[in-house]
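Protein chains in written order, with the working numbering: chain A, 1 to 196; chain B, 197 to 381.
Heads up, some of the hints might be wrong.
Derived DEER-like restraints, expressed as beta-carbon distance ranges [said to hold, decoys possible]:
{"no.": "1", "chain 1": "B", "residue 1": "Gly343", "chain 2": "A", "residue 2": "Gly27", "range": "19 to 25 Å"}
{"no.": "2", "chain 1": "B", "residue 1": "Arg227", "chain 2": "A", "residue 2": "Gly75", "range": "47 to 53 Å"}
{"no.": "3", "chain 1": "B", "residue 1": "Ile292", "chain 2": "A", "residue 2": "Tyr161", "range": "53 to 59 Å"}
{"no.": "4", "chain 1": "B", "residue 1": "Glu371", "chain 2": "A", "residue 2": "Glu134", "range": "58 to 64 Å"}
{"no.": "5", "chain 1": "A", "residue 1": "Arg50", "chain 2": "B", "residue 2": "His201", "range": "30 to 36 Å"}
{"no.": "6", "chain 1": "A", "residue 1": "Arg21", "chain 2": "B", "residue 2": "Met335", "range": "29 to 35 Å"}
{"no.": "7", "chain 1": "A", "residue 1": "Arg68", "chain 2": "B", "residue 2": "Asp228", "range": "54 to 60 Å"}
{"no.": "8", "chain 1": "A", "residue 1": "Gln32", "chain 2": "B", "residue 2": "Cys229", "range": "49 to 55 Å"}
{"no.": "9", "chain 1": "B", "residue 1": "Gly343", "chain 2": "A", "residue 2": "Arg21", "range": "36 to 42 Å"}
{"no.": "10", "chain 1": "B", "residue 1": "Ile231", "chain 2": "A", "residue 2": "Tyr161", "range": "24 to 30 Å"}
{"no.": "11", "chain 1": "A", "residue 1": "Gln32", "chain 2": "B", "residue 2": "Gln215", "range": "21 to 27 Å"}
{"no.": "12", "chain 1": "B", "residue 1": "Val289", "chain 2": "A", "residue 2": "Tyr161", "range": "52 to 58 Å"}
Which bits of chain A does chain B cover? Going by a derived footprint, with three or more residues having C-beta under 8 Å, they are [claimed, not checked]:
{"no.": "13", "region": "81–89"}
{"no.": "14", "region": "180–187"}
Read the hints as simulated data drawn from the structure, not as lab findings. Backbone N, C-alpha and C fix where the C-beta goes; we use that ideal spot for every residue, glycine too.
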Amino acid sequence: MPLRTRLQPGGSDPLAELVERAKLGDGDALGQIVQRTQQWVYNLGYRILRNRQEAEDLAQEVYVRVWRALPGFRGDSKFTTWLHSIATHASLNRLRSLRRESVAWADSDEMLEHLLDSQQGSESEPYVESQDKEFIWQQVDRLPRKYALVLTLFYQHELSYQEITEVLGLPLGTVKAQLNRARLALADCLREANAE
Amino acid sequence: MSDNHPRQVLAEYVASGEQDRVLGEHWQHVRDCPICQRDLQRLRRVEVALRQWPMVSVPAMLNERLLAAARLPRSLEENYPRWTIWLPAVTVVIAIALALLLAPASLHVALNAPPQAAEPSLSFFALDREAGLALWIGMCVALAGIGVTMGLADSRMPDREDLDVLRTRASRAVEHAWRVATHSR
Ligand SMILES: [Zn+2]
Numbered sequence: 001m002p003l004r005t006r007l008q009p010g011g012s013d014p015l016a017e018l019v020e021r022a023k024l025g026d027g028d029a030l031g032q033i034v035q036r037t038q039q040w041v042y043n044l045g046y047r048i049l050r051n052r053q054e055a056e057d058l059a060q061e062v063y064v065r066v067w068r069a070l071p072g073f074r075g076d077s078k079f080t081t082w083l084h085s086i087a088t089h090a091s092l093n094r095l096r097s098l099r100r101e102s103v104a105w106a107d108s109d110e111m112l113e114h115l116l117d118s119q120q121g122s123e124s125e126p127y128v129e130s131q132d133k134e135f136i137w138q139q140v141d142r143l144p145r146k147y148a149l150v151l152t153l154f155y156q157h158e159l160s161y162q163e164i165t166e167v168l169g170l171p172l173g174t175v176k177a178q179l180n181r182a183r184l185a186l187a188d189c190l191r192e193a194n195a196e
Numbered sequence: 197m198s199d200n201h202p203r204q205v206l207a208e209y210v211a212s213g214e215q216d217r218v219l220g221e222h223w224q225h226v227r228d229c230p231i232c233q234r235d236l237q238r239l240r241r242v243e244v245a246l247r248q249w250p251m252v253s254v255p256a257m258l259n260e261r262l263l264a265a266a267r268l269p270r271s272l273e274e275n276y277p278r279w280t281i282w283l284p285a286v287t288v289v290i291a292i293a294l295a296l297l298l299a300p301a302s303l304h305v306a307l308n309a310p311p312q313a314a315e316p317s318l319s320f321f322a323l324d325r326e327a328g329l330a331l332w333i334g335m336c337v338a339l340a341g342i343g344v345t346m347g348l349a350d351s352r353m354p355d356r357e358d359l360d361v362l363r364t365r366a367s368r369a370v371e372h373a374w375r376v377a378t379h380s381r
């Protein structure tokens, strides 16, 4: 699948030519950009909003924003990084407006500990070691959004650390620390599950 | 439990593909510590799972919907910027008109106050109540109009029915305010 190819940090932007054509009003280029990037936008929206319909609406909103802002896009960063940035901020804004959950950007391990506590004796599926992967994937959806977000950008969208710092506007150390905390939280989920 | 065990380093170590240099000074502890070894095993399972974590599949109709969204900007160029220009302009004109219509005499008096007046004449407090009220109403109308316009312009969903309703209501509210202002004299 072409979308699973890790974006090359610092490399040339594979969409640069299409973007230039799209800026000149080339409808075919727009269509190709949508075709090649929609899964990132939809997946990111889904990981943050955790709802398919919301993720669809969000994807539409993101592309409308992108087309409106495209004439001002100078290519200082890669188009995909810029797109991820718009999609991330739109998703988080949507999440806030839905008031399903407040997103604390400050490091908040209390949130994480609270989450892990609440999992004990909860209604989660009985753990079977052979279902390791599915179990871990499910647990990601139970992590605070900021951890699910960095995991999504790193593992699913295969962005580099540098690109993630640009998308989130966070220092490299913070991004790495969040990724590590997310990994440890998932390891703790395994420990809890094995202890049951 | 993490106080004595370098858990962050363990996570980094596994993610790095288990490069020993990542463990650094913790290498011996990790090798000998059963707790760290169990943590390592779990982190390896997490890493394997995350590296195979699939994205959610895109709904069948999403592509068409997004392409339709891609075609929107052209119609936006034609419809929306006009809104964003004329609505604030109209509200500012209404605001000025309200101020002038409701209190022309007071303004005139205030602007032409004799220079020997004890207080500087062109202050807000020098105007009488009617003029102050007029200015206040005018400012409110202008701010409300600009606010509504910015809200509409900022919206990225111009094909939504509720926005059309909002637009209609905004127009009616402006008309109503205009009628009230012109009949109140
Ligand atoms: Zn240890």
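Now for the hints, and whether the structure bears them out:
For the hinted restraint 19 to 25 Å between Gly343(B) and Gly27(A), the CB-CB distance of approximately 35 Å leaves it violated. About 48 Å separates the C-beta atoms of Arg227(B) and Gly75(A), a value consistent with the hinted range of 47 to 53 Å. At roughly 55 Å, the beta-carbon separation of Ile292(B) and Tyr161(A) lies within the given 53 to 59 Å, and the hint holds. Checked against the hint of 58 to 64 Å, the pair Glu371(B) and Glu134(A) passes, with Cβ atoms roughly 60 Å apart.
In this structure, Arg50(A) and His201(B) meet the distance hint of 30 to 36 Å, their C-beta atoms being roughly 32 Å apart. In this structure the hint that Arg21(A) and Met335(B) lie 29 to 35 Å apart at CB is violated, the actual value being about 47 Å. Checked against the hint of 54 to 60 Å, the pair Arg68(A) and Asp228(B) passes, with Cβ atoms roughly 59 Å apart. Take Gln32(A) and Cys229(B): their Cβ atoms lie about 53 Å apart, and the range 49 to 55 Å holds.
In this structure the hint that Gly343(B) and Arg21(A) lie 36 to 42 Å apart at CB holds, the actual value being about 38 Å. Between Ile231(B) and Tyr161(A) the C-beta distance comes to about 28 Å, which sits within the given range of 24 to 30 Å. Between Gln32(A) and Gln215(B) the C-beta distance comes to about 39 Å, which lies outside the given range of 21 to 27 Å. Remark: the range hint 52 to 58 Å for Val289(B) to Tyr161(A) is upheld by a beta-carbon distance near 54 Å.
Counting residues of the region 81–89 of chain A whose beta carbon lies closer than 8 Å to any beta carbon of chain B gives 0, which falls below the threshold of three, so the coverage claim is violated. Counting residues of the region 180–187 of chain A whose CB lies closer than 8 Å to any CB of chain B gives 6, which reaches the minimum of 3, so the coverage claim holds.
Hint compliance for this structure: hints 1, 6, 11, 13 are not met, and every other hint is.
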